Amino acid sequence: MSEAYAASNLLRLERAKDAASPLTIEVTGLFEQFRIPLFRYLLSLGLQAHDAEEVIQEVFLALFQHLKSDKSRANLRGWIFRVGHNQAMRVSRVPAFADADLQNTQVDPEPDPEQMALRNQRQRRLTAVVRALSEQDRACLSLRAEGLRYREIAEILGISLGSVAQSLTRSLDKLGRAHEL
Amino acid sequence: MHISEEELLLAVDGELEGARLEAVTLHLSHCWTCRTRKAKLEATIQEFVSDCYSKLDSRIPPADNAAALLRARLSDLSLQKDPAAIRPHRLAWAAAALVVVTASAFFALMPFRAEPALAPNAALTPGATRPMSREAVCAATERSGPPRISNAVAREVFERYAIRDPRPRSYEVDYLIPPSLGGSEDPRNLWPQPYTRGVWSAHIKDALEDRLHSMVCDGSLDLATAQRDLATDWIAAYKKYFQTDKPRLDHVAFVKDSPWE
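Chains as they are written, first to last, in my numbering: chain A, 1 to 181; chain P, 1 to 261.
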């Protein structure tokens, strides 16, 4: 191979170096889009942050393989949450929505300390109700909060459409009565 | 006859269709009681989202490390599937087509080598040490970092590894056994380690070196074992000492040594 030829070949390779495959670009794009929603959902199930991050990695590696074998691209959001949920079920979980989550997040300054105390108390009550929900009810509620349709939630959790509606009704009823205690 | 709680929620969530939707909409327009219930339901949802669910955001770390690790893992996956072991002289016309599909940093970093230099070549870099006691290793305060490898020596190392025209800041000309653990500046102890190729990058090895140094100095590991494990197979050593199969997220951007410029 002549020097000149080698040089031109090298140049071509250099130019192509950053051209990741379209599939890699697609998967990293989806990662950017869904990492935070999926992260929130996994935390709501009680995963520790580092476990959630690891589960998310697994999900997107699996997604890469899924898309590589030309599987369906229909409803990738549902696919991502379903695989994430299944992976999460294999990881140890702690009670989600600890009171500690509420602290240090008060961004809007409440001028009146009495108002602030009242608001903190309301938050704690609400969070206590969420903590007391069954895992499935909490999963339904969180998935709905992430904007998923009932049909998608039913598929992700492997339950019927009716069960999703009943679960959400039950949870919101409890949440609505959180301050009546 | 009022709307049931479930039906009300279905209406709020846009899950009703056709005749049911019409009936509920009509009832709501007539019934103040149900409209009040609907408003309360909306308020509950809003309170849950703003005061509870969205609070989880504060526990989500920035995406940088995770994104970098995912890209590296995806690059490894691409490599596994595609037969990357193409001999240099065959590279000619196939190269342009291949890089498009393999999308790996491999070709970019090491255009004319058949194998990615994840691990040092044992023949070229078997590792070399200086006589140094554990006390000396631990007394050395490495504030200034390991001795800088001169450009001449770095070039020699690239030459031996047949890497032409290495890209600046893509490699660390690394000590296989770091000076902090008694490694010498002998070329047999040096190899070009890519920063960006694959999951097992120079950053990950730096984290391992740091860990081994602490273990040697707190007495939980003897110096000779640390040196031997690094020289034999540093990736296996990482897995052993961090008890993991995969690089840890917090090590992906671990920087200790300076890149080759």
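In short, the hints are calculated from the structure, not lab data. Note that this is a predicted model, so its numbers are computed, not measured. Glycine residues also receive a C-beta, built at the ideal position from the N, C-alpha and C atoms. Just to be clear, a hint being listed does not mean it is correct.
Calculated cross-link-like contacts (lysine-lysine; reagent style DSSO-like; alpha-carbon spacing at most 27 Å) [stated by the list, open to error]:
id : chain 1 : residue 1 : chain 2 : residue 2
1  : P       : K38       : A       : K68
2  : P       : K38       : A       : K174
3  : A       : K174      : P       : K40
Rough simulated footprint, nothing fancy, chain A against chain P, three-plus residues with beta-carbon under 8 Å [stated by the list, open to error]:
id : segment
4  : 3-14
5  : 62-68
6  : 72-79
7  : 204-216
Tested hints:
no.	hint	result
1	P:K38 <-> A:K68	violated (46 Å)
2	P:K38 <-> A:K174	holds (15 Å)
3	A:K174 <-> P:K40	holds (13 Å)
4	3-14	holds (count 5)
5	62-68	holds (count 3)
6	72-79	holds (count 5)
7	204-216	violated (count 0)
Against the hints set out earlier in the document, violations occur for numbers 1, 7.
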